[in-house]
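Visitor: Could you put the whole structure together from the sequences, leaning on the hints where they help?
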Amino acid sequence: MAGLELLSDQGFRIDGRRPNELRKIQCRLGVFKQSDGSAYIEQGNTKVLAAVYGPHEVRGSRSKMLHDKVLVNCQYSMATFSTGERKKRPRGDRKSTEMTMHLKQTFDAVILTSLYPRSQIDIYVEVLQSDGGNYCASVNAATLALIDAGIPLKDYVCACSAGFVNDTSIVDISYLEESGGGPELIVATLPKSEQIVFLEMNSRLHEDNLSKVLDVASKGCKDIYEILDRAVREHVSKVSHSLATTD
Amino acid sequence: MTDIIYSEAEKTYILHGIQENYREDGRGCEDYRHMEIETGVVSNTTGSARVRLANTDLLVGIKAELGSPSPDNPNCGCIEFFVDCSANATPQFEGRGGEELATEISNVLTRAYSNSTSLDLKSLCIIPKQQCWILYIDVLFLECGGNLFDAASVGVKAALFNTKIPNVTVNQDEDDMEIELSDDPFDVQRIDIKSAPCIVTLSKIGHHHVVDASQKEEACCLARLMMGVTADSTITALKKEGWGSLNPESIFEMMESGKNVGKVLNASLLSLLEDEEKGSKRKTVGFLK
Amino acid sequence: MPVDSKRICGPEITKNPYNFLINGNEKGELIINGKRRDGRKPDQARPLFLRPGLISQAKGSAYIEQNHTKVICAVYGPREVIRKEDFSMKGQITCEFKFATFSCKKKRGHQQDSEEKDYSVQLLEALEPAVQLDKFPKSQVNLYLTVLQNDGSALAASITCASLALAHAGIEMFDLVVGSSVRIHGNEILVDPCEEEEFHSNTNIGVDEGGVVLGLMPSINQISALTSKGELNFDTTSQAVKTCIQNCQKVYPVLQNCLVNSLKEKD
Amino acid sequence: MATSTICVPGQRILRTDDDHISGNGTYTRNGYIYSTLVGYVFTQTNDDGKTIVEVRSSKTQNVVPSEDDIVTARVTNVNARFCKCSILSIGKTKLQEPFRGTLRKEDVRATEKDKVEMYKCFRPGDIIAAQVLSLGDAQSYLLSTSENELGVVIATSETGGTMVPISWCKMQCTKTLSEEFRKVAKVQPQFIEYSS
Numbered sequence: 024m025a026g027l028e029l030l031s032d033q034g035f036r037i038d039g040r041r042p043n044e045l046r047k048i049q050c051r052l053g054v055f056k057q058s059d060g061s062a063y064i065e066q067g068n069t070k071v072l073a074a075v076y077g078p079h080e081v082r083g084s085r086s087k088m089l090h091d092k093v094l095v096n097c098q099y100s101m102a103t104f105s106t107g108e109r110k111k112r113p114r115g116d117r118k119s120t121e122m123t124m125h126l127k128q129t130f131d132a133v134i135l136t137s138l139y140p141r142s143q144i145d146i147y148v149e150v151l152q153s154d155g156g157n158y159c160a161s162v163n164a165a166t167l168a169l170i171d172a173g174i175p176l177k178d179y180v181c182a183c184s185a186g187f188v189n190d191t192s193i194v195d196i197s198y199l200e201e202s203g204g205g206p207e208l209i210v211a212t213l214p215k216s217e218q219i220v221f222l223e224m225n226s227r228l229h230e231d232n233l234s235k236v237l238d239v240a241s242k243g244c245k246d247i248y249e250i251l252d253r254a255v256r257e258h259v260s261k262v263s264h265s266l267a268t269t270d
Numbered sequence: 002m003t004d005i006i007y008s009e010a011e012k013t014y015i016l017h018g019i020q021e022n023y024r025e026d027g028r029g030c031e032d033y034r035h036m037e038i039e040t041g042v043v044s045n046t047t048g049s050a051r052v053r054l055a056n057t058d059l060l061v062g063i064k065a066e067l068g069s070p071s072p073d074n075p076n077c078g079c080i081e082f083f084v085d086c087s088a089n090a091t092p093q094f095e096g097r098g099g100e101e102l103a104t105e106i107s108n109v110l111t112r113a114y115s116n117s118t119s120l121d122l123k124s125l126c127i128i129p130k131q132q133c134w135i136l137y138i139d140v141l142f143l144e145c146g147g148n149l150f151d152a153a154s155v156g157v158k159a160a161l162f163n164t165k166i167p168n169v170t171v172n173q174d175e176d177d178m179e180i181e182l183s184d185d186p187f188d189v190q191r192i193d194i195k196s197a198p199c200i201v202t203l204s205k206i207g208h209h210h211v212v213d214a215s216q217k218e219e220a221c222c223l224a225r226l227m228m229g230v231t232a233d234s235t236i237t238a239l240k241k242e243g244w245g246s247l248n249p250e251s252i253f254e255m256m257e258s259g260k261n262v263g264k265v266l267n268a269s270l271l272s273l274l275e276d277e278e279k280g281s282k283r284k285t286v287g288f289l290k
Numbered sequence: 230m231p232v233d234s235k236r237i238c239g240p241e242i243t244k245n246p247y248n249f250l251i252n253g254n255e256k257g258e259l260i261i262n263g264k265r266r267d268g269r270k271p272d273q274a275r276p277l278f279l280r281p282g283l284i285s286q287a288k289g290s291a292y293i294e295q296n297h298t299k300v301i302c303a304v305y306g307p308r309e310v311i312r313k314e315d316f317s318m319k320g321q322i323t324c325e326f327k328f329a330t331f332s333c334k335k336k337r338g339h340q341q342d343s344e345e346k347d348y349s350v351q352l353l354e355a356l357e358p359a360v361q362l363d364k365f366p367k368s369q370v371n372l373y374l375t376v377l378q379n380d381g382s383a384l385a386a387s388i389t390c391a392s393l394a395l396a397h398a399g400i401e402m403f404d405l406v407v408g409s410s411v412r413i414h415g416n417e418i419l420v421d422p423c424e425e426e427e428f429h430s431n432t433n434i435g436v437d438e439g440g441v442v443l444g445l446m447p448s449i450n451q452i453s454a455l456t457s458k459g460e461l462n463f464d465t466t467s468q469a470v471k472t473c474i475q476n477c478q479k480v481y482p483v484l485q486n487c488l489v490n491s492l493k494e495k496d
Numbered sequence: 004m005a006t007s008t009i010c011v012p013g014q015r016i017l018r019t020d021d022d023h024i025s026g027n028g029t030y031t032r033n034g035y036i037y038s039t040l041v042g043y044v045f046t047q048t049n050d051d052g053k054t055i056v057e058v059r060s061s062k063t064q065n066v067v068p069s070e071d072d073i074v075t076a077r078v079t080n081v082n083a084r085f086c087k088c089s090i091l092s093i094g095k096t097k098l099q100e101p102f103r104g105t106l107r108k109e110d111v112r113a114t115e116k117d118k119v120e121m122y123k124c125f126r127p128g129d130i131i132a133a134q135v136l137s138l139g140d141a142q143s144y145l146l147s148t149s150e151n152e153l154g155v156v157i158a159t160s161e162t163g164g165t166m167v168p169i170s171w172c173k174m175q176c177t178k179t180l181s182e183e184f185r186k187v188a189k190v191q192p193q194f195i196e197y198s199s
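Chains as they are written, first to last, in our numbering: chain B, 24 to 270; chain S, 2 to 290; chain F, 230 to 496; chain Z, 4 to 199.
The hints are simulated quantities; they were obtained by calculation from the structure and are not laboratory data.
Taking lysine to aspartate or glutamate pairs in the DMTMM-like style, the calculated list, with each CA pair at most 25 Å apart, reads:
no. : chain 1 : residue 1 : chain 2 : residue 2
1   : B       : K118      : S       : E100
2   : B       : K92       : B       : E121
3   : S       : K217      : F       : D363
4   : F       : K319      : Z       : E57
5   : F       : K334      : S       : E81
6   : F       : K335      : S       : E81
7   : B       : K56       : S       : E100
8   : Z       : K62       : F       : D363
9   : B       : K111      : S       : D73
10  : F       : K244      : S       : E81
11  : S       : K264      : S       : E250
12  : F       : K471      : S       : E250
13  : B       : K111      : F       : D342
14  : Z       : K108      : Z       : E161
15  : S       : K260      : S       : D32
16  : B       : K56       : S       : E101
17  : F       : K346      : S       : E81
18  : F       : K364      : S       : E9
19  : B       : K177      : B       : E80
Guide: Below you can see the structure in the form of structure tokens.
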């Protein structure tokens, strides 16, 4: 490993986590009023806001309209101050475009698209602060926002990343661990049905270790699912409670 | 502005209310809506602030970077404004949809700060003609509920207050200069915001004018006057905006109330920021409230 | 930022020779013995030359000259809105303000920079209230302004020039718009500042240094544009606005005369 | 009645009262009639004895298509449902730049609308007289030819010869004598006056 020791001999990571420990996740649904659904998630120092609009009429050119299912439209953008070095543009660069595409593919797979033919659902993701795992946080935030908007989903989508250092798989890697050059595996799963909707791996990893890392990442997704699920239930009970009291 | 279409009846309702100094949400003509400010919300910036004014929501992040000063002004640092309207606010802002509004806001901010008294840019200079701090002030709109200009200026001022630029020591060799950055988080340079302006937007609705127009009121407004007002009630910028025109008397009236409102706004903002600083043990909540 | 790929650009980094002037940025006093450096009194505007209709292929055009500030404006339309996104049922005006590359001390780029874009918006806002937009629904009028030489007060001159061109084009207007600018320098208000008198944000220190630009529709007594720069006391600002209004009213008859004469000449 | 008074935009012409009405090129504000153009002031007395004040500019008037205007247009594109045209002049005024117009199948003629076949009514290149039905959408103005006086005025045959009308739905080439289908306009004398 170059310079930095990502995993100490005692088995702790740079930020003091154990290999299979997620960062602290805090989230909130219904941050904004104007959007149909919105959510905010903090995974350690990665902070993401997501807003969902729709389903509504297809905007812009009608040629985009799909006659048998809803058009899922995503936009991923990063605040110019979100990264360590200032970004020149919040979106439109290659990485953001790629991320936009990945988000679209992910949510195309989980939204019950056939329910809203000839319509459009917008998912806008805004990264306010980035410290690794941007895709994962974006997916998790967007899932919560979709739930807040009341859009029918097959299941939650939870995404989690994992790395592999010193023969140990580490889950939910931070920016520092991402930039170490080691392998990075990103997976988005449907936790209940244990299906994978998105899987990406960078850098080199021995075939034998793949399943180990994947297991760790899938486990991470399930853990995230527990947290998200709790947040959703809390939110719903709070909302229904306030509804009950206003009546 | 984000488009809202209202019926004539609705507009008349708002108009009549304003005539009676009673607005649709119960405010008087010179009252602001509820505002929440929190500083230091984004940890990897030099300074940041979040402002929520009713349902206008924005985040300001300031990043200080080292650069070379402009040749016109070799002894000063620079500030650069950048505004981004997130599509989170409204789908119209998707892609480049919010760009026009964003440029407009950043132009007004630049105008309000384009004088040598608002900020001490000299203090941002490290080596004259060679090195200086460039403050990138980035405003990110997350929700639009009217009066974006005022909210942005309040956010900028709060973020500047929060800005902590690491102290720099210059070691001079024969002809080589070396810059050393302090990594002690408390060995920092603060920015004096005492004379920084806030923008007050006065919207002319019917024969009267209001401050802090909501989105609905903005839809009824033909022309507005934006003023950069400092705590000493000097004016750092004026800009008439919108497709209507104003007669001279009403401009003077608007300037008068802008001056008064701006003074109060600046004073309460400063006291709020100082209070927050004192009780800085309070946990930052950000969007998790 | 789109890059200009059509032209061969000069070296990427060039320096403006004026930066090397020994007293480059300290220009000394603006007023000596109650006179400005070009010999004018503080409240004296420069002589004005106006001429409508010199660009023959345009629907309307106008040229304005205030000593060394020279602006030309062309008006086209009302024509169809090409871009679908710009569509609106009401009439529209577009403004494109450009400093000719050679017009200023500093070389200007071929593409609009942010200052020019800002001026375009200000011009548009100054003219929009004056034009009867409902007379050309679904269509737009395009204005192109080029500053041929900039010796201060370019925006004010452009406002006057543009309204003259619109009138020449026969676009129906509520009133002509007259532009005027002043420089505030301590207690003094300098009308129609030239380039060296103009306010620059970086060099001037202290309160009550700044500039005000105003657009007035004199006949119906409406202000269509008002911008200021620099930190000013409240009373100074109102005084400056009043001075601008007075100055606009002085220029207004000149504008009217010029249009009347041009019509007479034609017949 | 013409006067030699010259007006410029924003110039107060006179007070409005019961006898004076503001006409073209003027507007009323706070009880006065103002001019909106550079031009001469004209006054006209209408039927009920009121005087209309107008300002007429010497320039060709700025016109944009508005409802019920008779326009001359060139057909640029024909398909089964509609044809696209570019509007060349409005009434007597020739446009400097064309406006886009659309003529839908159901607006071609007043009767038997469902039997209209676009290809038997118009061909690209035809010059038609049409009426503006509505301002239409972002793309174009909506035109109509559902009157006897409206329809194809000038057309060329497949071989390129000029054609003359032989019935309300047919034209004949002067060179080859071949017949082609068109929605022919029964051109009124006043239209001929226009083109001269």
